[in-house]
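Chemist: Build out the structure end to end from the sequences listed, making use of the hints.
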Amino acid sequence: MSSQTSGAGDGAIVLSARRISKSFNGVQVLFGVDFDLRAGEIHALMGENGAGKSTLVKILSGFEQPTSGDIILDGHSVKLPPNGAAEALGIVIIHQEFNLAEHLTVTESLFLGREVTRFGVLDRKFMRSETRRVLDLLGSHVDENAMISSLSIADKQMVEIAKAISRDARVVFMDEPTAVLSREETNFLFKQVRKLRDQGTSFVFVSHKLDEVMELTDRVTVLRDGQWIKTSPTSILDGESIAQLMVGRELSKLYPAKREPNVDEEIVLSVDAVSTGYVKDVSFEVRKGEILGFSGMIGSGRTELMEAIAGLRSRASGEVVIHGEAVPSGDVHAANRRGLAYMTKDRKSKGLLLNSRMTANLTLQSLENHGKLGYLSPASEAQALERARRRFDIRVRDGNVVAGRMSGGNQQKLLLAKVMETEPEIIIIDEPTRGIDVGTKQQIYHFISALARDGRSIIVVSSEMPEVIGLCTRVAVMREGRIVGMLEGDEISEQEIMRYAAGLKKKAAA
Amino acid sequence: QEEKKVTIGVSIPAADHGWTSGVVFHAERVAKLLMSQHPGLNVIVKTSPDPASQANAVQDLETQGIDALVILPSDPDPLVNAIKEVKGKGTFVAIVDRAPSVNDNTVRDLYVAGNNPALGQTAGEYIKATTPDAEVVIIRGLPIPIDQQRQDGFDKGIEGSNVKVLDRQFGNWNRDDAFKVMQDYLTKYPKIDVVWCQDDDMAVGVLQAIDQAKRTDIQYVVAGAGSKDMIKKVMDGDKMIPVDVLYPPAMVGTALEMTVANFYGQVPVRGVYTIDATLVTKDNAKDFYFPDSPF
Amino acid sequence: MDTSVNEETRDVRRRSWRDIDLRAVAPFAALILLLILGALVNPNFIGLNNLANVATRSAFIAIIAIGATFVISSGDLDLSVGAMVAFVASLMILFMNSGVIADPALMLTAAVLFAVVAGSLCGLANGLITTVGRIEPFIATLGTMGIYRGLTTWLSQGGAITLKDPALQEIYRPAYFGSILGVPVPIVVILAVTCIAAFILYRTRYGRHVVAVGSNADVARYSGIPVNRVRTIAFVIQGLCVAIAVLLYVPRLGSTSATTGILWELQAITAVVVGGTALKGGAGRVWGTICGAFILELVGNIMLLSNFISEYLIGAIQGTIIIVAMLVQRSLVRKS
Amino acid sequence: MDTSVNEETRDVRRRSWRDIDLRAVAPFAALILLLILGALVNPNFIGLNNLANVATRSAFIAIIAIGATFVISSGDLDLSVGAMVAFVASLMILFMNSGVIADPALMLTAAVLFAVVAGSLCGLANGLITTVGRIEPFIATLGTMGIYRGLTTWLSQGGAITLKDPALQEIYRPAYFGSILGVPVPIVVILAVTCIAAFILYRTRYGRHVVAVGSNADVARYSGIPVNRVRTIAFVIQGLCVAIAVLLYVPRLGSTSATTGILWELQAITAVVVGGTALKGGAGRVWGTICGAFILELVGNIMLLSNFISEYLIGAIQGTIIIVAMLVQRSLVRKS
Ligand SMILES: Nc1ncnc2c1ncn2[C@@H]1O[C@H](COP(=O)(O)OP(=O)(O)OP(=O)(O)O)[C@@H](O)[C@H]1O
Ligand SMILES: Nc1ncnc2c1ncn2[C@@H]1O[C@H](COP(=O)(O)OP(=O)(O)OP(=O)(O)O)[C@@H](O)[C@H]1O
Ligand SMILES: [Mg+2]
Ligand SMILES: [Mg+2]
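Heads up: the sequence lines are chains R, C, F and S, in that order. Per our numbering, the first sequence runs over residues 1 to 510. Per our numbering, the second sequence runs over residues 1 to 295. Per our numbering, the third sequence runs over residues 1 to 336. Per our numbering, the fourth sequence runs over residues 1 to 336.
In case anyone wonders, no lab produced these hints; they're calculated from the structure. Among these hints, one or two may not hold up.
A few chain R residues facing chain S, derived, Cβ under 7 Å [as the list claims (entries may be wrong)]:
| # | residue |
| --- | --- |
| 1 | Thr117 |
| 2 | Val121 |
| 3 | Leu122 |
The beta carbon of each residue, even a glycine, is placed where N, CA and C say it ideally should be.
Modeler: So, in structure tokens, the structure goes:
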């Protein structure tokens with residue numbers, strides 16, 4: 001586990017930023033940031049949502065040009081070529097929001113822009129086997145012939161990672177690669193990263209998961225509000241102090257106190273023997289005021305199950321009953337009307353209108369609340385935005401920015417706010433804190449807990465185990481489309497969950 | 001010379017197939033000729049692709065201040081209102097070729113008529129006389145009234161004979177479509193005696209289709225309009241094109257000449273002037289041959 | 001710090017408003033350029049009379065294009081509108097010729113209702129085939145285009161369908177040729193339709209849904225929007241707009257045939273795109289559309305009024321003008 | 001554990017392969033249905049002669065549609081192809097009529113080269129206006145459609161342009177009417193063009209890039225693909241295909257006019273979409289396109305061969321058949 005073994009401390013500086021500033025449409029987001037990356041080190045880049053991490057990473061990989069400042073590569077000031085052409089200089093990036101074309105297969109995506117040909121003809125066999133090899137290295141079971149459009153979001157992330165890993169790079173930027181990955185997949189990734197690091201590759205690792213940063217990285221740089229705050233070896237820091245550097249204040253306890261729901265509270269949602277294409281025979285119940293967690297590995301079928309419950313997918317069999325009323329299969333409205341809302345984790349293609357502004361996104365699902373007879377009241381919408389920004393700490397420097405240009409974490413907050421605008425009784429949240437900084441995470445956990453106290457019921461689907469453990473009073477573990485375990489009280493621990501998720505332990509669903 | 005200033009607007013359909021291109025050609029030709037004869041005369045020629053835009057064109061001509069309108073309506077009934085509007089302002093109106101259902105002096109001063117029913121009738125009568133027992137296939141134009149009139153005329157022409165119409169389909173006055181339709185006729189009917197395609201443009205496609213199929217049962221093709229290519233064939237004694245029925249695009253020129261005569265001549269010109277659907281045969285073909293025309 | 005952020009926000013808002021305005025204003029800039037060009041070509045051009053004429057006759061395309069703005073914003077396409085005009089107009093005239101109601105005024109009212117219902121039903125058919133049948137709108141409406149035009153040909157038996165009753169014609173005529181407070185009726189109708197459309201698109205829940213569906217149908221579905229219903233209604237709105245255009249068309253020409261409205265679908269779509277709405281869907285610009293329709297009509301008008309262009313070249317020059325107009329728009333927006 | 005996952009994975013792979021096959025096969029299913037329908041309508045229909053006729057005359061649309069498959073796959077649209085056929089054909093005939101080369105065979109060779117270059121240049125113009133000018137392809141090519149057709153009208157002075165030299169005509173004629181090993185030349189050309197196109201689209205780097213650009217231009221750009229170049233080349237390929245269609249068209253009737261190729265763009269796009277390529281871009285099905293072109297031609301052929309349909313209703317029934325054919329395809333794919 002120790003990351004201090006390699007000679008990361010004194011490698012030569014490969015790439016560095018000198019007094020980099022960046023403005024979008026006159027709004028400054030980076031203020032004279034300095035940053036050094038040494039050969040063979042893993043360098044964490046930390047900061048709150050909207051601090052400018054992604055922007056810095058994009059500048060250092062050529063995807064954005066700095067407004068001022070210099071980029072130094074191997075001791076020479078350079079102007080990086082745009083649109084990923086910096087790859088020729090050995091610089092690759094895993095984007096925070098992936099860049100995959102839905103109509104291509106996994107293999108085609110992996111080799112896009114650098115296809116291998118023999119006599120001008122695509123060498124499809126070679127590319128396929130190469131893809132398989134890289135995916136296997138990462139422990140991913142994704143089919144190399146599958147269409148990108150058919151992949152779950154986590155699998156897309158794996159493809160994105162594989163794409164970067166497979167290039168012979170000197171510098172790899174990883175912008176929140178693990179946000180949707182479960183512990184298992186993360187471990188595979190880290191193994192590869194360490195291996196490459198030991199061969200001299202440098203990594204920049206952006207993440208909001210403090211434990212991962214502690215575990216993997218050699219040095220940490222913290223940004224706050226677009227300014228450089230500190231760079232220091234990871235070994236002399238701990239999670240607390242990093243969080244403090246990021247947020248600029250002391251953090252209180254991350255998770256609110258758990259509150260066991262009353263056993264004779266009414267059952268608001270009951271799922272009975274639901275099957276879909278992949279999900280098989282799943283049953284569980286949720287009580288009023290309860291927070292139920294769902295854990296499992298990539299592709300264990302959690303998303304598919306939740307979508308079936310929310311009416312976004314039709315069920316092959318089984319019943320979903322809300323407040324004693326059966327909900328017809330594949331009918332979103334019926335579920336919505338009965339007070340059930342589902343928040344997708346695929347914010348980019350299913351959650352937000354990337355070309356619309358905050359307000360249009362925020363109220364899209366709850367327009368009935370903003371005006372009568374179909375007429376919309378701009379004032380009421382503006383109020384809602386004000387409220388949401390306060391509640392979820394959505395920080396944008398430019399109030400008119402379109403959703404697609406907001407920082408990843410702030411997009412996530414906006415999505416959460418959008419679903420909450422519908423004031424649901426039962427809320428299914430898929431990855432509630434994907435890409436959200438620790439400060440806001442705490443805020444969101446308290447918000448969820450408050451909702452439960454209010455008598456709402458919440459299902460939290462998360463690949464972040466501490467989150468499930470810290471927040472939920474019951475945890476269902478899924479594996480290959482089935483619920484293989486239902487943990488309660490003291491049973492809820494990382495080891496237990498892992499055992500069920502990996503299929504080492506099995507018990508009848510509660 | 002002190003000649004009075006006269007502006008004449010000419011509104012015609014856009015050159016969307018051979019015949020209309022002939023119309024455009026003759027309108028231009030006669031306009032130029034007349035303008036050189038009368039220094040005070042200004043003729044503005046405008047083409048439009050469909051009735052609605054022709055109505056616009058009429059309006060635009062009126063905006064420019066015209067003394068007379070010569071119009072060959074692409075589809076007469078939809079244009080009646082627009083024409084009446086012009087006529088209501090006291091402008092001299094000459095309608096060419098296609099008459100609206102109400103065609104009296106409330107709508108126009110002069111009507112120069114191509115004779116659509118006669119075009120069909122002449123063809124019908126020729127077939128009746130030459131091959132009284134013929135089995136005929138027909139290729140129609142577009143589904144608009146003049147086409148219907150030609151069909152009715154044809155039926156009248158073959159009345160009382162054994163001439164049998166096997167089929168009628170639309171060829172849209174387009175060579176490529178006529179080629180297809182003819183190909184399919186040849187597949188469908190093992191024996192065809194005569195093709196009536198009522199338009200020289202379509203005849204080009206028909207002849208190629210027959211040629212390709214190497215069919216010998218077809219005795220001849222009757223087209224119509226009087227394009228230089230078809231007239232030439234008649235003149236040369238082509239067996240497949242023994243005759244052509246005249247429907248001269250030059251009639252627009254005639255109307256224009258008469259309109260000008262109304263302003264510069266001694267007698268006012270009013271009434272109806274019909275141009276015959278002459279049967280062009282080997283004997284009279286050279287009278288109708290204009291090698292310089294694009295049509 | 002708080003205040004500084006606020007200041008920035010305000011600043012940005014001002015700037016980005018400028019940006020947006022430019023994009024919306026671009027078609028109007030092209031329009032003004034055309035007006036200047038027209039004035040140079042022919043002094044009669046800039047006369048109130050001529051401009052009123054042009055605006056009046058742009059009514060058909062403009063109103064149809066308003067409907068197309070909805071369909072295109074929601075990510076679909078309707079190629080059947082031209083044929084639909086012919087079909088609905090034929091039905092309406094046949095209805096009036098049928099003489100089932102003796103009183104002309106009453107008959108006219110009934111005929112108007114009849115046309116509106118017929119148009120909506122045609123739109124509904126398009127919508128259902130596209131959404132329920134899950135066929136590409138391009139193909140679905142190409143199919144119904146054939147159907148509507150075929151039925152028109154059949155109704156007219158290859159000829160024309162003409163309004164017979166002179167009394168009816170008399171009372172119906174002002175619907176196109178009349179004017180209200182000196183403004184020609186068609187212009188009033190354009191304005192009314194546009195205002196209503198702008199209200200629906202920008203100020204109602206349905207309008208929001210249209211844009212959401214057009215910009216990302218998945219997001220819309222996950223937001224609980226009934227995607228198919230929204231799309232179908234857009235087609236019905238298109239049908240309604242076609243019906244309104246028919247209501248103006250019939251009194252103008254008093255007759256229809258199988259060639260009525262040929263290629264109007266292309267013109268309507270062009271008006272929408274020239275007006276700044278992207279064919280990909282996800283954004284609708286109702287006022288831009290009107291401007292686009294007006295631009296198209298103006299280009300034709302300028303061609304007609306200019307006397308130095310060979311009429312053989314008119315098409316070529318029209319094409320050039322449209323491309324140049326779009327380039328002007330682009331360069332304007334890019335500069336922002 | 002590992003094996004079970006692998007088994008499952010294989011299962012998925014099998015399923016998704018089946019799915020893809022069905023999607024590609026669907027147009028052919030519709031085609032077979034049509035063939036059966038045709039055989040019922042008229043026994044002559046299924047004759048080799050008739051089918052060869054239909055296949056032969058589908059050549060123009062099929063070859064143009066192959067080009068359109070590239071343009072559409074890359075996310076664009078070309079409305080100018082019909083006009084381009086008229087323009088290139090006119091230029092080619094005028095060139096041959098000019099008599100600059102005395103020897104007929106040599107002249108023909110030069111004329112063929114000339115047409116190919118002219119077609120490519122027209123395509124290049126479309127591509128540059130769309131990409132460099134950043135104009136919606138719909139509008140850009142609508143503009144060039146006007147330009148190409150206008151120029152044709154002007155070249156022909158509204159009439160026809162006819163190949164004059166009989167010697168040339170004689171040696172050129174077999175290019176349409178001849179046959180190779182009993183197969184009509186146009187069919188051979190269709191097959192050759194399709195094979196080459198399929199190879200380019202599926203087996204070369206450029207083809208991959210076309211699909212990537214059509215699927216998501218941003219992703220393509222970030223992957224270092226020169227997006228504008230890829231799009232422009234697609235337009236050039238379209239121009240080349242148009243030129244090839246012209247090479248077959250000219251020997252058929254030996255003449256062109258301003259009406260040559262009218263509405264062919266619509267037919268080509270329809271063939272592409274009926275063949276299973278989505279108008280949104282991101283996937284191209286070359287063989288499907290050919291099938292689509294053949295379907296379109298067959299529908300017309302069946303109409304003409306049938307004895308019980310009023311000629312007024314043909315359009316309506318054609319529309320219906322196309323919609324039904326698409327529904328058949330859909331239901332096939334959905335069942336999978
Ligand atoms: N293309 C753009 N146009 C306008 N503003 C932008 C653009 N890209 C980023 N921004 C703004 O820059 C700021 C910094 O964003 P950035 O994505 O770098 O944050 P981040 O540190 O990566 O946050 P997160 O942890 O949420 O991913 C945000 O306010 C964002 O809205
Ligand atoms: N072995 C498999 N066989 C069939 N389908 C599979 C298999 N593995 C994954 N899938 C597909 O993956 C999906 C299940 O992933 P889902 O997104 O529901 O799971 P998840 O637990 O939310 O994981 P993720 O984090 O990847 O989203 C299903 O839609 C299913 O079609
Ligand atoms: Mg970020
Ligand atoms: Mg999932």
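Chemist: Each hint should be assessed against the structure and marked as holding or not.
Modeler: The hints, checked one at a time:
At about 6 Å, the closest approach between the beta carbon of Thr117 (chain R) and any beta carbon in chain S falls short of 7 Å, and the interface hint on this residue holds. For Val121 (chain R), the interface hint holds, the least distance from its beta-carbon to any beta-carbon of chain S being 5 Å, beneath 7 Å. Because the closest C-beta pair between Leu122 (chain R) and chain S is about 5 Å apart, less than 7 Å, the hint holds.
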